[in-house]
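Participant: The residues making up each chain are set out below.
Protein chains: 2
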Amino acid sequence: MKTAKIRLYVEQPLGQGQTVPLDRDQAHYLFGVMRQGAGDPVLLFNGTDGEWRATVAEAGKRGGLLRAEEQTREQRDPPDLWLLFAPIKKARTDFIVEKAAEMGAARILPVQTDFTNSERIRQDRLQAHAIEAAEQCGGTFVPEVCALQKLDRLIAGWPAGRQLMFCDEALAGGSSALTGGLAKGAPWAILIGPEGGFSEAERTRLHALPFAHAIALGPRILRADTAAVAAMTLWQQALGDWA
Amino acid sequence: MKTAKIRLYVEQPLGQGQTVPLDRDQAHYLFGVMRQGAGDPVLLFNGTDGEWRATVAEAGKRGGLLRAEEQTREQRDPPDLWLLFAPIKKARTDFIVEKAAEMGAARILPVQTDFTNSERIRQDRLQAHAIEAAEQCGGTFVPEVCALQKLDRLIAGWPAGRQLMFCDEALAGGSSALTGGLAKGAPWAILIGPEGGFSEAERTRLHALPFAHAIALGPRILRADTAAVAAMTLWQQALGDWA
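Going down the list, the sequences are from chains Y and S. Just so we're on the same page, this note's numbering is the position in the first sequence counted from 1, plus 3. Just so we're on the same page, this note's numbering is the position in the second sequence counted from 1, plus 3.
This is chain Y alone, in the form it adopts within the complex (with noise of 0.2 Å):
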């Protein structure tokens, strides 16, 4: 049996003979791209029934179908983590989604802070990068991208119980340890500031938020998308999924 090399996210539901078409996006990387023709394999995974072995069951220039044949891996959700950022150049927010993804955030909420350029972002490409990064990762979940929001009204709104740690470039050589209280288990959030950091009015309101968790990311000053994964990984093996 040949070994399936390429993983495919698809929208339809996934299950034993459940036959899956393809639009022509996905046909012309499958056939035209990837050279996969009837028969061979291909893993998909859809966010919710976990990852399926499924053949090409017809090939064409402007679409096909798939029909997935056995589970090759249960759904696996990532821990209920949240990673807000505030969009910098465009490079390195496509970065920053896509380590979000491969990290294991369950959702990316980008923010709009005081020191904040971006006025919009392309929610339907970073939802893409999110999409690829999972279809990289061997993840069976892809995280949602939010719309653009300001950081004060996400704050104001903020749900009770979701725990939020934020790192503080002023802080910078202060402790990296998350400590006091951790339940696994909760619901988390992680803020990744601007470059050029925090306005001294935000770091105040911040601070003195009841569920806010002020950490330092080691004595150097981190671009947003290394302080995305360096925050990520603490998160993950103090909390997460990586124990």
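Treat the hints with caution; some may be incorrect.
If several chains are the same, the list does not tell them apart, and a pair holds so long as it fits within one copy or across any two.
Stated by the list, open to error - List of simulated lysine-lysine pairs, DSSO-like, C-alpha gap at most 30 Å:
| hint | residue 1 | residue 2 |
| --- | --- | --- |
| 1 | 153 | 187 |
| 2 | 5 | 187 |
| 3 | 5 | 153 |
| 4 | 187 | 93 |
| 5 | 64 | 153 |
| 6 | 8 | 153 |
| 7 | 64 | 187 |
| 8 | 5 | 64 |
| 9 | 93 | 64 |
| 10 | 92 | 187 |
| 11 | 187 | 8 |
| 12 | 92 | 8 |
| 13 | 8 | 64 |
| 14 | 153 | 93 |
| 15 | 5 | 92 |
In case anyone wonders, no lab produced these hints; they're calculated from the structure.
Since the structure of chain Y is provided, determine the placement of chain S on it from the hints.
Facilitator: Positioned in the frame of chain Y, the structure of chain S alone reads:
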């Protein structure tokens, strides 16, 4: 007194009253791109004398002169941590070098593994990325980027007393904790495999090394640049300068 917003790495010694001549590229950047002029402040570091506040003494199209006035930060070297990685696609290789400098690696060693495609690297370009990252992150140290070498040859001449942490994709979901007799201040190296992982022969050889520590980086397969940041975070938190 104007606040210096620009940090420059220079190769000259730095000290009270020391003058620093600028070459054509530095002059172009400082006076052409960044619009600085006589009397403007610049922060300088050279990797050994800490960070100094200097002012522009002469500004020209083809050169210029800075004068160091006061030390603004003491020299701070990173822990004795090497980052070994298998070069991948250009953009991601650049990112790994940038991340290694930000995260505080003392030396960056590109290595050829069984599954590495790269036959050569642009050592000078990668070194320039490391310098730029050091300028950006506020550090006073620039890690050296070594020439590409074969992993097995490097391992064959491995320095006595240096520990090696390697990230084994085959352990995905296993422990990400460094354990067992780990002294702070000891020399270490982190090895990040190429996309596609290590070969079976390499894995066997690595696991058998008495100075090697295999760890997992969570249940998902991380890209090499993500893995580099995550692994350095774990190490810095456990044994480095983040504690």
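Participant: Look at each hint and say if it fits the structure.
Facilitator: Right, here's what the structure says about each hint:
no.: 1; hint: 153 x 187; verdict: within (29 Å within a copy, 42 Å between copies)
no.: 2; hint: 5 x 187; verdict: neither (40 Å within a copy, 48 Å between copies)
no.: 3; hint: 5 x 153; verdict: neither (49 Å within a copy, 32 Å between copies)
no.: 4; hint: 187 x 93; verdict: neither (34 Å within a copy, 39 Å between copies)
no.: 5; hint: 64 x 153; verdict: neither (44 Å within a copy, 44 Å between copies)
no.: 6; hint: 8 x 153; verdict: between (41 Å within a copy, 28 Å between copies)
no.: 7; hint: 64 x 187; verdict: neither (49 Å within a copy, 60 Å between copies)
no.: 8; hint: 5 x 64; verdict: within (23 Å within a copy, 63 Å between copies)
no.: 9; hint: 93 x 64; verdict: neither (32 Å within a copy, 32 Å between copies)
no.: 10; hint: 92 x 187; verdict: neither (34 Å within a copy, 37 Å between copies)
no.: 11; hint: 187 x 8; verdict: neither (35 Å within a copy, 42 Å between copies)
no.: 12; hint: 92 x 8; verdict: between (33 Å within a copy, 20 Å between copies)
no.: 13; hint: 8 x 64; verdict: within (21 Å within a copy, 55 Å between copies)
no.: 14; hint: 153 x 93; verdict: within (19 Å within a copy, 35 Å between copies)
no.: 15; hint: 5 x 92; verdict: between (42 Å within a copy, 27 Å between copies)
Going down the numbered hints, you'll see the structure goes against 2, 3, 4, 5, 7, 9, 10, 11, while the others check out.
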